[in-house]
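Can you join these two chains into the complex? Each is in its own frame, and there are hints to help.
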Amino acid sequence: MRSFLTKRMIQTLVVLVGVSLITFFMMNLAPGDPFMMDPEMRMNPEAVARWKELRQLDRPLHEQYYSWLVNLLKGDFGISLIHNRPVLELITERLPATLLLTGTSLLVALLFAVPLGILSAVKQGTFLDKWISFFTLCGVSLPNFWLGMLLILLFAYHLNWLPASSLRTVGVAASFYDYIKHLILPVVVLSTGSAAYYIRYIRAGILEVIGQDYILTARAKGLKESTVLFRHILRNSMIPVVTVVSLSLPFLFTGAMVTEYVFSWPGMGRWIIMATLSRDYPSVLAVNVIVAALVVLCNLGADLLYAYFDPRIKYR
Amino acid sequence: MRMPVLQVKELTAIFDSNTPEAVKAVDRVSFSIWPGEVVGLVGESGSGKTVTALSILNLLSHKKGKIERGEIIYKGVDILSLPEKKVRELRGNEMAIIFQEPLTSLNPVLNVGRQITEVISTHSRISRRESWEKAVGLLRRAGISDAEKRMKAYPHQLSGGMRQRVVISMALACSPGLLIADEPTTALDVTIQAQILDYLRKVMEKGRMSMLFVSHDLGVIGEMCDRVMVMYAGRILETGTTMEIFKTPLHPYTRALIEVSKNISVPGKKLPVVTGSVPDLSNLPMGCKFHPRCPQVRKVCREAEPPLKSTGSTNLKGRVCQVRCWNYTKI
Ligand SMILES: Nc1ncnc2c1ncn2[C@@H]1O[C@H](COP(=O)(O)OP(=O)(O)OP(=O)(O)O)[C@@H](O)[C@H]1O
Ligand SMILES: [Mg+2]
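Protein chains in written order, with this note's numbering: chain R, 1 to 316; chain S, 1001 to 1331.
Isolated chain S, as found in the complex (with noise of 0.2 Å):
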């Protein structure tokens, strides 16, 4: 059998804050991605996605956070025991991030084309010319017309999707085995959002490249992936196919997450959320985190965390599917 592309193994990373203990953004966190695979994580604003998908990358400690144990393995090397100038050498070129805010993710004082063709220059050698033209064929490809002038634009010049087509280009340049897309359309309006997923969609169907894709929208992640994961307070509660997340839910939050996700276009209604409010993680309550806003909450929730229990059933390719509830037993 192949290899997964990325196996991470119950990581935890934590955050130094006020409170006498470190608040734990994310909590004993597995999961894998086998190779050409989109694998959407999914949760409401602070569950951690961002966290995770740093993590992956080690770059948790530029955020001042740290991870306090786990593994992360890319293609067979764990690279938490890598020394730092080898994940340097993965960054950008093997493992590549797109970031939510694309204005805020690029730099202001340098143009475009700098910023696309010095990832390129970083990881191989070619020369100056080749990698502009190639950054120029990225652009293009990415659906920027006038890109020979796009690429002297500075980011400020340049519309949200524009911005978010300059980053995504920049994180195709040296072709990833694995991308990591960090709400790559929150911040963008519905047309431009559909016009990105579409590339991103082009971009996978080549099936040389797997992709971590973070949304807090289940539609989105509905569209985009072949399995999902649910985040909530640092924890997955429940993993399986899009199509059996979609169709038979098993987590009382996953269905909330649903219903909120099917609400989602009424015009001129305020953003529909799940009823409840995250919880504080400095102060999360006991048993299991969800219980404040479940609507099926039994005594023992509020006693002990359920553990992430096999449903049994396997997708196609043989993955399990999973999910951490006291209500799950199995049929």
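Isolated chain R (complex conformation) (with noise of 0.2 Å):
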């Protein structure tokens, strides 16, 4: 076990740094600058010099990438080149809407799709099992900045029940009914794609364990069908679960970019997307690699959770 965890971290240390470098890389290869979106600067090409120098973006790109490791390895992610701030402090602002509104997503989704992909599984064939995967299916394939506009038009626009965007309405004090209020739309955005998704693969995950000799085995203990179903069926179909899960936990981080740009959510889906466009590095590179990181550890617990639910696999 031991080995095996250290084997994992060495591994990590080797993506964390590839996806930096070809991050750091790319940035800088892709057209564009950050001074782009200051229509004065592009005007003078000595403030542009003096901003770079300042910046010292014009140092060769393997030294400028050395002294962001560096400065990375003692936790600083650097200044943002727009904001002129920190970027994690950034990013601390940023991230509880951000993780209030995928977290919510998730739990919701999670609390639909469980049931009902046990459900549709333990049913197959039936009528419920067809309306069940023919909402997955729509669940599936509506885009969510199609969804997010429908939602809008009808909900906020034509019936005014629900707020069009942002976390909670400006100029009032903010209560526990009014973030709810807020949340509800992009929330059942996000969470009706997750939801459907979850119920293909738990579903797909039960009929492959029902099929199997040791459920007749159950059966033909004379064991009831719930306790088929949670003690022999569930346990065995969690490993599929488990996998899409923790593969889905990275993106709590960045959040639903489309969603939180539909909604005006003010999380980091929309500060992405916008410094990804206004090229700023700094903010681009943290984000990367907090995603890598993320990635590969939500990977290693998934395969920890294997091992706890499945006693065949060891890990040396």
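To be clear, the hints were calculated from the coordinates, so they are not data collected in a lab. The beta-carbon is built from N, C-alpha and C at its ideal position, and this holds for glycine as well. No incorrect hints appear here.
Just the calculated beta-carbon pair ranges, DEER-fashion: (1) Glu-1133/S <-> Phe-134/R: 49 to 57 Å; (2) Ser-1282/S <-> Arg-316/R: 45 to 53 Å; (3) Glu-1021/S <-> Phe-134/R: 26 to 34 Å; (4) Glu-1021/S <-> Val-114/R: 36 to 44 Å; (5) Arg-2/R <-> Lys-1206/S: 47 to 55 Å; (6) Ser-141/R <-> Lys-1064/S: 25 to 33 Å; (7) Gly-1137/S <-> Ile-180/R: 52 to 60 Å; (8) Met-1286/S <-> Val-114/R: 49 to 57 Å; (9) Leu-111/R <-> Arg-1002/S: 53 to 61 Å; (10) Arg-1140/S <-> Pro-311/R: 17 to 25 Å; (11) Phe-309/R <-> Pro-1295/S: 49 to 57 Å; (12) Lys-1064/S <-> Leu-69/R: 58 to 66 Å; (13) Pro-311/R <-> Arg-1128/S: 14 to 22 Å.
Covered stretches of chain S (in silico footprint by chain R; criterion: 3 or more residues with CB under 8 Å from a CB of chain R, positions within the stretch not fixed): (14) 1057-1066; (15) 1088-1094; (16) 1104-1111.
20 Å max Cα-Cα, derived EDC-like pairs, lysine to aspartate or glutamate: (17) Lys-123/R <-> Glu-1084/S; (18) Lys-1066/S <-> Glu-225/R; (19) Lys-1064/S <-> Asp-1280/S; (20) Lys-1063/S <-> Glu-225/R; (21) Lys-1086/S <-> Glu-225/R; (22) Lys-224/R <-> Glu-1094/S; (23) Lys-224/R <-> Asp-213/R; (24) Lys-1134/S <-> Glu-1148/S; (25) Lys-1064/S <-> Asp-129/R; (26) Lys-1064/S <-> Glu-225/R; (27) Lys-1064/S <-> Asp-213/R; (28) Lys-1134/S <-> Asp-1146/S; (29) Lys-1064/S <-> Glu-208/R; (30) Lys-123/R <-> Asp-1016/S; (31) Lys-1024/S <-> Glu-1305/S; (32) Lys-1063/S <-> Glu-208/R; (33) Lys-1247/S <-> Glu-1223/S; (34) Lys-1064/S <-> Glu-1021/S; (35) Lys-1009/S <-> Asp-1078/S.
Written out as structure tokens, the structure is:
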């Protein structure tokens, strides 16, 4: 187990260095410059040169990368080229709103997906299963921006029941009820897609297990259907579910970019889009490295969970 | 006279298939098993042995099959007309089954102890401690050394033979009246097979249980059973006492199976088989289902299916012997 963890740690480091390298050079090779956004700067080559010098953008790329890496090891993600503030500060400002949205969506999605996935597998081939399959197909194929705009049009514009944008009503004291009202539409959009996705995984996982001989054995023992389901089927079908859920965890951090954009959510997603468009190198690098780290960590977590669910899996 | 433990009457089991007609995996099969008896069910792969076994527990629906008609009468009660809850009380308790493949018939993520004790606690109200101890005793009697320790093992940590001992312990946990052993030793090597068969025989000696012993190997059947039923393409072709079947087999298929079982232990040669191949159930021949492979085929065999005729001879306990062959005429 220890050597397994050591191996994974080394792998993690390699992945992180690789991701940061690729991101760094891709960003710099991509056309465009951070000062494009500022018309006054664009007109003034002298100012540009001074600015570049100040930000050390005039130095060779490998030197820039090296100093970025050294700073990162000190816990410093650098300073945003656009906001002129530490990247870490920008992230911590936006992360709570995003986590609120993505976390709630994940919970809501699982809340629906687990029972519906089980139900449609257990009732395979019935009317109910066909309806659930139909809705999951819709859920998987509806694009988020389209569903989001549709909901805004209906519930915010026409019916005026729910707010269409932002995290809370401006100028009003923050209240739990107000947050909930703002959360509903984006959460519906985000959880529809992922719930549909999870339902399919859960259903497929259960169906695979139901056909196994040991389930027949369990029934031949005279166990109740519920015991067969909870004790024998579900535990064996957990692995694919653990996989999809843990692979989606890193995106709790980046937020749902499109959905945040549609709902003007003051979170990570919108900021990441802006940072990319405006070539805010340090911000984009930070986000990529953090996401890469999260992906690797969640994978590790998933592997450890596999071993918990299936005694046949042992790591050395 | 005493009652049979199990009576199967006109059992017909079908599977829906892509062909216009459903496939009949078992076609009007009838037989009885009497208290203390070991009845063998023999036939090649695909002849419908497992389907028959699952039908007896009314578990066929979980294999996507259906009992089209027939009765399964256990100790006087037709289980096909019982509510599911009542049938559950019989499964694992009164009627238990051992499957062919000991690895896949154990749940990989539950330890052995859990899998045995759950049968016990499902059917009787005893404490965890007691059912644990009972399970340890079962494993010990089944020939597992270190039974206490093995209770905590997972199936993948055990050898094939051990797994099958676990499966057998599970089946015997509630002292069933009827044990269905569906090829319990097919997946095991010869020495382990002998040990397992020995153990099953020892269990039978107590005389409280009856057994339906399924195998494709007449040799094994000969060692284990009082009576034999020969199955082919979902039908019974011959029944008789083990003695009679081996001494005077009446059906050409039975004779072929006996020939095959005699040759089985020739090392270095590939497994002997009956010449010809098992017919496709969705495309059965007219007449006798065995006629394409039969050395004594006549015109009538191709035209009409022979009925299952009583041969007149009865065994010691007064049970009739039957054969389904046009060549058989009463002597
Ligand atoms: N799940 C299924 N779906 C469709 N047809 C099936 C299914 N199970 C069995 N059958 C049909 O029933 C026939 C009999 O199958 P069965 O499993 O009873 O054979 P068997 O005598 O137990 O053979 P084996 O020695 O291989 O275990 C098969 O030939 C097949 O055509
Ligand atoms: Mg079989």
